[in-house]
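*Asks:* Letter by letter, the chains look like this.
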Amino acid sequence: MRNAAAAVIGCIAIAAAAAASAEPPAGAASCSGCHPTSPRVTSPVPRLAGLDRAAIVRAMQDFRSGQRAGTVMDRIAKGFTDEEITAIATWFAAQK
Amino acid sequence: MNASRRDFLKAGLAASAALVPLPAFAQGAGPRVVVVGGGFAGATCARALHHADPRIAVTLVEANPTFTACPFSNAVIAGLRELPAQQFTYERVAADGITITRGTATAVDPQARAVTLADGARLTYDRLVLAPGIDIRWGALPGYDQSAAAQMPHAWQAGEQTLLLRRQLEAMDDGGLVVISAPANPFRCPPGPYERASLIAHYLKTKKPKSKLLVLDAKDAFSKQRLFQAAWAELYPGLLEWVPLSKGGNVTSVDAATRTFVTDFARHTAAVANVIPPQKAGRIADAAGVADRTGWCPIDPVTFESKLQPRIHVIGDAAIAGAMPKSAFAANSQAKTCAAAVAQLLAGATPAAPKLINTCYSLVAPDYGISVAGVYQPTNGQLADVPGAAGVSPSEAPRATRAAEAVLAEAWFRTLTAEVFA
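Protein chains in written order, with this note's numbering: chain A, 1 to 96; chain B, 1 to 422.
For the record, the hints were derived by calculation from the structure and aren't laboratory data. Treat the hints with care, as some may be off.
To be verified - Taking lysine to aspartate or glutamate and the DMTMM-like style, the derived pairs with C-alpha atoms no more than 25 Å apart in a straight line are:
id, chain 1, residue 1, chain 2, residue 2
1, B, K210, B, E234
2, A, K78, B, E396
3, A, K78, A, D62
4, B, K205, B, D264
5, A, K96, B, D173
6, A, K78, B, D385
7, B, K205, B, D367
8, B, K307, B, D264
9, B, K247, B, D264
To be verified - Computed from the model, here is a short list of chain A residues facing chain B with C-beta under 10 Å:
id, residue
10, A28
11, C34
12, G50
13, L51
14, S65
Beta carbons: idealized from backbone N, C-alpha and C, even for Gly.
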């Protein structure tokens, strides 16, 4: 009985964790204003969904430090901490 | 039961407590969210709400079957683009599973949680999102009323007004005087008047080079000012003159019959007159009691819930969003943030502090773009700039950089409108 209850509660906990991870981390929802979500949109700005996590982190850090020239990303990257960048990169890497 | 097991159970109970369903969920029907206004803010929010939780029944109330976008409408005025490139339907929004209700919201009863439409229909909601954009503050500039706008178009809500201003420019003789008046802050699209001046100057330079353009401004400073002024000196010397507040630029009245602008010091009679008038939140904001004395809507910076009425959220140009400008990109960013917060509130959860972004391009000429970008977060109850993140294009840059930004500006429009309407 207790095991069954634990299993039910466990499922709820897992569902809650899944729901939480479906929420984009702070800042991530804004990216799709310029980075197309749909592969059908033609743009010189790359899609982020499914990109390598480490590559996104490195790009953001290089934009932020000025090592990589950007149009607007050099300015935008300065608004994010390492933790935020990692969370955003992890979220986009997991998208299809 | 060992300690880790107990902690796990506690965590599970805490998680399930956070997901306590609303009565609407318990009855099997999803909670109802009504979104009023199908622009960049409202259409984005409706789709993001559905995406966040498909159990939410989302209704989008919009008066027009077609949306006409303001970004790039200055290029239509200058003859560089046609109006259909600005127009989008709600077919794909509806295909997502969102109920589109054609109509105009005329009243909101926050106690009964109901929106009334002009045809008498009544829509009840668990949460309401108002995205009404702007209304012109008719009469705030003496002489400027709805009939005056037929002579001196504002073209600040894209559509017929955009085409009217374009036709007037096309009909004007070479050598005519074009006058634009720009309002005091805040207003929709802070760099918009100056992009418009730039593109009209481009039109005059290429088609009617003996003409002059005068910008009468109620301000002494404006968005991307150094970049605009440097470009004007380079591209349109002697053609475009900007008159700031301190040099007598403030327009105190207009006379539509003679297309005359009156300032404290002078009268300017134009061949083509574009009045960018004072504005306020779209009128449903006032009817719902979410607009304050400024005419705009104070909001919570985490959830975009009105500070004046519970369970009503305000996004886009109508909101007082602190450091965020009234731009299409900001509206889109706010809409996604608001949708996530509303979905969480409906599920009994507490939304985390968001970060929002704005990116906005202006064309100074067809192949000359400049940009501003910013990152924002809630600070002391307001949306404030994240220090060090805001900024405009470099003041010294080769023309190739400006040309690249013009290309990016078009890509920005395609991507943003595809996300909202495609």
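*Asks:* Each hint: holds or not?
*Replies:* Going through the hints against the structure:
no.: 1; hint: B:K210 to B:E234; result: holds, 18 Å
no.: 2; hint: A:K78 to B:E396; result: holds, 21 Å
no.: 3; hint: A:K78 to A:D62; result: holds, 10 Å
no.: 4; hint: B:K205 to B:D264; result: violated, 30 Å
no.: 5; hint: A:K96 to B:D173; result: violated, 56 Å
no.: 6; hint: A:K78 to B:D385; result: holds, 11 Å
no.: 7; hint: B:K205 to B:D367; result: holds, 15 Å
no.: 8; hint: B:K307 to B:D264; result: violated, 38 Å
no.: 9; hint: B:K247 to B:D264; result: holds, 10 Å
no.: 10; hint: A28; result: holds, 9 Å
no.: 11; hint: C34; result: holds, 6 Å
no.: 12; hint: G50; result: violated, 17 Å
no.: 13; hint: L51; result: violated, 16 Å
no.: 14; hint: S65; result: violated, 12 Å
Checked against the numbered hints above, the structure breaks hints 4, 5, 8, 12, 13 and 14 and satisfies the rest.
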